[in-house]
Amino acid sequence: MSTNATQSLDTRGMNCPLPILRTKKALSAMAAGETLAVTATDPGSLKDMQAFCKQTGHELVSSSTNQGEFEFLIRRA
Amino acid sequence: MGAAEKLIAENLDKSLFNQWFDQRFETKMAERDAAHVPSLAIIATKGTMDWAYPPFILASTASALGWDVSIFFTFYGLELLKKDLHLEISPLGNPSMPMKMPFGPQWLQDINWKVPNVVMAGIPGFEKVATGLMEQTVKNKGVATIDELRSACLEADAKLYACQMTVDLFGYSQDEFIPEIAGWIGAASFLPQAQKSDVCLFI
Chain A
3 MSTNATQSLD
13 TRGMNCPLPI
23 LRTKKALSAM
33 AAGETLAVTA
43 TDPGSLKDMQ
53 AFCKQTGHEL
63 VSSSTNQGEF
73 EFLIRRA
Chain B
43 MGAAEKLIAE
53 NLDKSLFNQW
63 FDQRFETKMA
73 ERDAAHVPSL
83 AIIATKGTMD
93 WAYPPFILAS
103 TASALGWDVS
113 IFFTFYGLEL
123 LKKDLHLEIS
133 PLGNPSMPMK
143 MPFGPQWLQD
153 INWKVPNVVM
163 AGIPGFEKVA
173 TGLMEQTVKN
183 KGVATIDELR
193 SACLEADAKL
203 YACQMTVDLF
213 GYSQDEFIPE
223 IAGWIGAASF
233 LPQAQKSDVC
243 LFI
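Heads up: the sequence lines are chains A and B, in that order.
Letter by letter, the first sequence follows residues 3 to 79 of the numbering used here.
Letter by letter, the second sequence follows residues 43 to 245 of the numbering used here.
Derived by calculation from the structure, the hints in this document are not laboratory data.
Glycine included, each C-beta is placed from N, C-alpha and C at the ideal position.
One or more of the hints may lead you astray.
As the list claims (entries may be wrong) - Per label pair, the in silico range of CB-to-CB distance:
no. : chain 1 : residue 1 : chain 2 : residue 2 : range
1   : B       : Phe212    : A       : Gln52     : 42 to 48 Å
2   : A       : Ala33     : B       : Tyr214    : 43 to 49 Å
3   : B       : Glu68     : A       : Gly70     : 41 to 47 Å
4   : B       : Gln237    : A       : Gly15     : 39 to 45 Å
5   : A       : Glu36     : B       : Val161    : 56 to 62 Å
6   : B       : Lys56     : A       : Ala33     : 50 to 56 Å
7   : B       : Leu243    : A       : Gly15     : 24 to 30 Å
8   : A       : Ala31     : B       : Trp226    : 30 to 36 Å
9   : A       : Gln52     : B       : Phe67     : 26 to 32 Å
10  : A       : Gln52     : B       : Gln178    : 30 to 36 Å
Build the full structure now, drawing on both the sequences and the hints.
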């Protein structure tokens, strides 16, 4: 997990569409330019998070897979 | 010579004009696309627990993507707007529904119990048990409950409409339903919304 993110969100164990809904909720409470680190175990979140960022304009700074867990760093638009 | 062509000065290079127009058109269309908020209109007609998922998953996700969302709940779909959600599933006559145990050793959980319809129909409370098992499976797999998804829709300001005709037909009263309902309307009110939506689904 990136330690330099403004906030972090743990969605491990949650299934579609909860990781996206929680991410969206967390981002709306943040200021533009702040970063959110999201951890997920839902394999669908890899594609979904890309699509979510593309559609909403938030920047997907990085996404990585680590032993069945997915980590995303998103910068709020 | 057409009227539009007369407006263009005779000495203007037409190819230059066309080039300008094409670029301008592209820019304007891109601006229009960027300013466009996508919209989703769903007609939800089913009231069992399994069928409650598609409308609420799609609607809550669309809301998270920043779309304008409206759902028209009609016939059995109205069940999804009740204050107290008691949604059940029925495996009877549904050969596609896997019947698996949500607990016990893995080999047991992997078995798909093919129960004949005549047996399901003959056991009192079979649907209650099936519903209980499904609720446990939902919990085990980290899938949201219908209540959670419905709240997510409401938080995101999705418009949930109830079909007034069904309320009358089934003898419901409006106070059985959540107070957040955006309107008690009929087909004539929802269709114009559906017409303008980018995505319209009948579920």
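So, going through the hints one by one against the coordinates:
For the hinted restraint 42 to 48 Å between Phe212(B) and Gln52(A), the CB-CB distance of approximately 43 Å keeps it satisfied. For Ala33(A) and Tyr214(B), the hinted distance range of 43 to 49 Å is satisfied, since their beta carbons lie about 45 Å from each other. At about 45 Å, the beta-carbon gap between Glu68(B) and Gly70(A) stays in the expected band of 41 to 47 Å. Look at Gln237(B) against Gly15(A): about 41 Å separates their beta carbons, and that is inside 39 to 45 Å.
Restraint check, Glu36(A) to Val161(B): a C-beta distance of roughly 57 Å satisfies the suggested window 56 to 62 Å. Remark: the range hint 50 to 56 Å for Lys56(B) to Ala33(A) is upheld by a beta-carbon distance near 51 Å. Between Leu243(B) and Gly15(A) the Cβ separation comes to about 29 Å, which falls inside the hinted range of 24 to 30 Å. Judged by the Cβ atoms, the range 30 to 36 Å given for Ala31(A) and Trp226(B) holds: they are separated by roughly 33 Å.
For Gln52(A) and Phe67(B), the hinted distance range of 26 to 32 Å is satisfied, since their beta carbons lie about 30 Å from each other. A hinted range of 30 to 36 Å holds for the C-beta pair Gln52(A) and Gln178(B), which are about 32 Å apart.
Hint check: no violations occur; every hint is consistent with the structure.
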